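Start from the sequences, fold in the hints, and give me the full structure.
Residue numbers (the numbering used here), protein chains in the order written: chain A, 7 to 467; chain B, 7 to 467.
Hints were generated in silico from the structure; no laboratory data involved. Hints may be right or wrong, so weigh each one.
Note: identical chains are not told apart, hence a pair may lie in one copy or across any two.
[What the hints assert, rightly or not] List time: in silico DSS-like cross-link candidates among lysine-lysine, alpha-carbon distance up to 30 Å:
1) Lys-28 - Lys-376
2) Lys-189 - Lys-28
3) Lys-189 - Lys-24
4) Lys-129 - Lys-349
Computed from a predicted structure; not experimentally measured.
There are 2 protein chains.
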Amino acid sequence: MAHAVIIGGGFAGINAAKRLGKSGKVSVTILDQRNHHLFQPLLYQVAMAGLDPSDIAVPIRALLRPYRRVRTLLGRAESFDLDRREVHFDGGVIPYDYLIVACGASHSYFGNDQWEAYAPGLKSVGQATEIRRRVLVAFEQAERASDPEEQARWMTFVIVGGGPTGVELAGAIAEMATFALSKDFRTINSADARVLLVQSGDRILKQFDADQAEYATQALRSLGVEVVLGSRVTNIGASGIEIGEQRIAAGTVLWAAGVQANRIGLQLDTPLDRAGRVKVQPDLTIPAHSNVFVVGDLAHTPGPDGNPLPGLAPVATQAGCYVADVIIDEVRAESAPDPARRKPFEYRDKGQMATIGRKRAIMQAGKRKKNGFLAWIVWLVVHIYFLSGFRNRFFVFLKWCWAYLTFSKGARLIVQKEWRQAESEMLSPVVGSLDETYRQDTRSPGPRFESLTRASQPSAD
Amino acid sequence: MAHAVIIGGGFAGINAAKRLGKSGKVSVTILDQRNHHLFQPLLYQVAMAGLDPSDIAVPIRALLRPYRRVRTLLGRAESFDLDRREVHFDGGVIPYDYLIVACGASHSYFGNDQWEAYAPGLKSVGQATEIRRRVLVAFEQAERASDPEEQARWMTFVIVGGGPTGVELAGAIAEMATFALSKDFRTINSADARVLLVQSGDRILKQFDADQAEYATQALRSLGVEVVLGSRVTNIGASGIEIGEQRIAAGTVLWAAGVQANRIGLQLDTPLDRAGRVKVQPDLTIPAHSNVFVVGDLAHTPGPDGNPLPGLAPVATQAGCYVADVIIDEVRAESAPDPARRKPFEYRDKGQMATIGRKRAIMQAGKRKKNGFLAWIVWLVVHIYFLSGFRNRFFVFLKWCWAYLTFSKGARLIVQKEWRQAESEMLSPVVGSLDETYRQDTRSPGPRFESLTRASQPSAD
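What follows is the structure, given as structure tokens:
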């Protein structure tokens, strides 16, 4: 029986695995360095303490449980032997008849990887919880701070990059500060938080039409977000960012700018584009290897207009299903992999959406556009619908109803730090982490704090 | 207005803060190095992937939001100046009129602190998610392993310590292996997992009567747990444990044995007991400082029978409320702190419970005892009832219904590792973590894996 190996359990990999598994005609091994499939479109809600990781992440094993001929392995692919048809990973070697590479993409810091320590991106659950920790800790630090300048720095949040993720993060932080946290602090007024969305281009949301982007910009501004256009960040450090000569002191900087395909693409020695994506043929294979498919954000797939298809869940999902069908057909026909027999991949554009805060969104599919509250309702329904695994759908829906009615954020926990402390001998502190900021803090003289304490004593009034 | 400083947001601290806040007669500053109050009794369910951290942890700020004269600070207390009535913490100095120290306890490794890296305890959310990660990774490693011996090691789980936590962990792992994971793996049969509960004494659950402990032992054995009595662990390493001459190879070792009070107690220069707990007077103060109270697991509080009161939530809660009342009385009476006027603290025994798996529990209050399914129902109701914060109660109840009906575990995510990789330059790998075990793995020759792959190809049958 033919054996297909899938690298990556994202939208492309999972959907290919499911379809191949259903067919029963192919045995499958799916390899991922993480044990869970992640519903990326809602990841920003985990970062913003609205959802728990387990609401939007499901163990790959659990998703593929029904398919007895699909095997899940936790491990990291390292290289390929395309002639011997083998995948080399950190646990050994796996031979394949068909190979599907779907390792996705991560953020690009445009050659300034040192910025990542100060401005984490949002691609994994681990990064989401780290961002949550930093945002919540920033408010805590502001509450502690007595020096107004330091306080202002902690109350400033910079999001770099005006794509959907940046827009969603900026809107969510502004709303959290205004609503969820408003009654929680005594020294600061969380609603005074400054949220900047910095975009190098002359407008945000380039993926959308200008009028939609304009609507989103106004919506963000109405939430108090400062949308800074035409500004390229030239440096990021522990104390904030630089835009050319201009310095902006910020306690929290988040990165939502460039995208860089997974470096595994280099192992396929075939042409890549500037973002490191593998240039694939109409049947999503690489030249000279008709049994090796590359799909999802890792692939540079030419669209109808010649531009590559965007890195969206629907694109990855459709590509994964397409590849599975191609393989099943060939296995059924007992024919060898043959590009000539395959009809090319065609993407059916389902459109795209972005949400701004808790009751506005924009959507656009071809010529059809929508924005405002109705679009937000559609956004809600669509995301609940596509969320994998019924339990998650169920609980996410309940949590959203709850959050909408109460304005509260359920998951406002600062965890990472804790465990770091527990094993402080084993882990070196992370730059820009709380430990770090504490150290900055203790440099300032102790007594200064008394004033704050007095201020807090209502006996003063 | 009198100012009370509370160190620690556990059951004792939170309840003292709430009551003082309600009175409006005292301004309060509560200091904790974590931003959340943790419902410890259910922490093992987070470790066992049944609940999410945010189900049992609530931000201290959110809990105290209603009380305008209560201020929450994130920070770590470092020392006290009892004469100048000041708390020194990592952010400065806080003066107080009344001081309530409630920093709790952590695990004691009986002088073998190096064991912690191989056998984490279960006291914080960070530790719970780390334990979850290790248990889930162990099954993944077993699935990957081709060497039967290595596989057996990964399938062996040792819990050290036969108290309620040890019993609850052992029962939960055994059930997870038998039910939740049973259909998820292809190479291993998760139900073959070996779960050992190692206890140095001649029986488990010393806090309970012998017959109750006997019932629990039988219940554990019926779940497949090997209860090993009269065995003191003499060494713990990456590959397992030693009991005298006997070595037990285990991929996962969890620590639920000794308890060690928070070291902050040393800063009060007053007598401590062997567990490092502060010996308090009948009014829960320390000698010569009638405005300094020590409550909760940090305190050695003499009970009616002369033995110290156990480290239970009800004890901490009642002590916190008692201290708040004492302070409020004195403030109302405008009298200076005066031990003579105070009636001593009296603990009203609410009894204690432990649960074994998903439908059995034991409970005991004085002479009254119960066990079996009915006790489990009571356990369920009591824990839901006392869970702080309505949202949590609501969602935990739903998740339990769900889990009970489906046998599924919702939160089976391996996260920590991920983020470690993302910042691998910044964090050194943790001994015994996945990174480590991977390295062990890659030492073995790659090709050996092929056999496993073939085995997985149904074409073989």
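Taking the hints in turn, this is what the structure says about them:
no.: 1; hint: Lys-28 - Lys-376; in the structure: neither (37 Å within a copy, 49 Å between copies)
no.: 2; hint: Lys-189 - Lys-28; in the structure: between (52 Å within a copy, 16 Å between copies)
no.: 3; hint: Lys-189 - Lys-24; in the structure: between (47 Å within a copy, 16 Å between copies)
no.: 4; hint: Lys-129 - Lys-349; in the structure: neither (33 Å within a copy, 58 Å between copies)
Checked against the numbered hints listed earlier, the structure breaks hints 1 and 4; every other hint is satisfied.
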